[in-house]
Amino acid sequence: MNELREVLRRHRVGRRMTQAQLGRAVKVSASLIAAIEQGRLIPQPETAAQLDKFFDSEDEIQQAAVHARADARPPWLRPWTEHEERATLLRWWEPLLLPGLLQIEEYARAVLHGGWLSDEVVDRAIQVRQQRQAATVDRPKPPTLSAIISEFALTIGPSELRREQLQHLLELSQRPKVQVLVVPRSAGLHAGLAGAFVLATLPGNRRAGYVDDQLQGRVVTDGGDLDQLEVSWEIVSGLALPVQPSRDLLQRAIDDHD
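When we follow full-length UniProt numbering, the leftmost residue of the sequence shown carries the number 1, and every step to the right adds one.
Bear in mind the hints are in silico, worked out from the structure with no lab data behind them. As the structure is a computational prediction, the values presented were derived from the model and not from experiment. Glycine included, every Cβ here is placed at the ideal spot set by N, Cα and C. Among the clues, some could well be false.
What the hints assert, rightly or not - Cβ-Cβ distance ranges computed for the label pairs, FRET-style:
1) S118 x S29: 15 to 25 Å
2) K177 x E58: 31 to 41 Å
3) D222 x T18: 24 to 34 Å
4) E234 x F152: 14 to 24 Å
5) G188 x S29: 48 to 58 Å
The whole structure should be built from the sequences, with the hints applied where relevant.
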């Protein structure tokens with residue numbers, strides 16, 4: 001982050017421009033330029049390219065942004081994001097929240113602000129999540145994502161925010177590479193309630209898993225642990241409604257807010 005901040009500030013000051021002037025020149029807000037120079041945000045690839053073009057700095061800002069983006073990921077998360085980017089299949093179970101790769105920014109921000117994280121940490125976490133979405137579900141040839149969520153997860157959050165998030169989830173479920181299934185409340189108590197997890201199928205039929213807790217996430221590669229997660233996946237998938245009934249349940253949850 002420090003390299004990116006210094007590079008951008010050096011180029012801007014060299015042109016004797018204010019943050020507002022630079023923002024107007026590359027068609028972004030002054031607050032975005034300020035956030036980059038303060039180390040709170042990393043420019044998206046297109047914005048970094050605009051800045052390099054404006055300053056005639058080849059790809060200096062773009063490269064600094066790439067390095068900053070890698071640094072923005074917590075060390076314990078980096079191995080998992082590499083698995084996400086290489087995966088051919090992601091199977092995601094969430095009993096309480098919606099899967100991070102399927103969250104809109106406002107929903108993710110509300111979840112993160114509900115904890116003890118500072119605004120700066122939340123901003124970086126949001127940007128990392130958006131980058132993960134771009135590298136997986138939004139990439140040209142995305143992996144297949146099968147997401148199973150509990151019906152309870154559809155009911156959490158402020159009404160208007162929840163409606164917007166569920167509408168986004170329903171739209172994503174129409175994509176050929178995204179499947180969203182819902183475990184209804186009537187399923188009662190089951191092994192999946194022990195916690196969220198993700199299973200990644202990698203090239204060469206290799207596997208990896210990811211489990212989260214209050215402190216950090218953990219990448220799972222031990223065969224026995226992966227087998228246990230596979231069993232848990234079979235349990236929740238067996239309890240989930242089929243595709244169309246799951247979509248119908250999502251639509252009813254959306255309609256409840258009209």
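### Message
Tell me if the beta carbons of D222 and T18 are separated by a distance inside 24 to 34 Å.
### Response
violated, 54 Å
### Message
Within 31 to 41 Å: is that where the Cβ-Cβ distance between K177 and E58 falls?
### Response
Holds, at about 36 Å.
### Query
Is the hinted range of 15 to 25 Å satisfied by the C-beta distance from S118 to S29?
holds, 22 Å
### Query
Taking 14 to 24 Å as the hint, is the beta-carbon distance of E234 and F152 inside that range?
Holds, at about 21 Å.
### Task
Indicate whether the distance between the beta carbons of G188 and S29 respects the range 48 to 58 Å.
49 Å Cβ-Cβ, so the 48 to 58 Å window holds.
Checked against the numbered hints above, the structure breaks only hint 3 and satisfies the rest.
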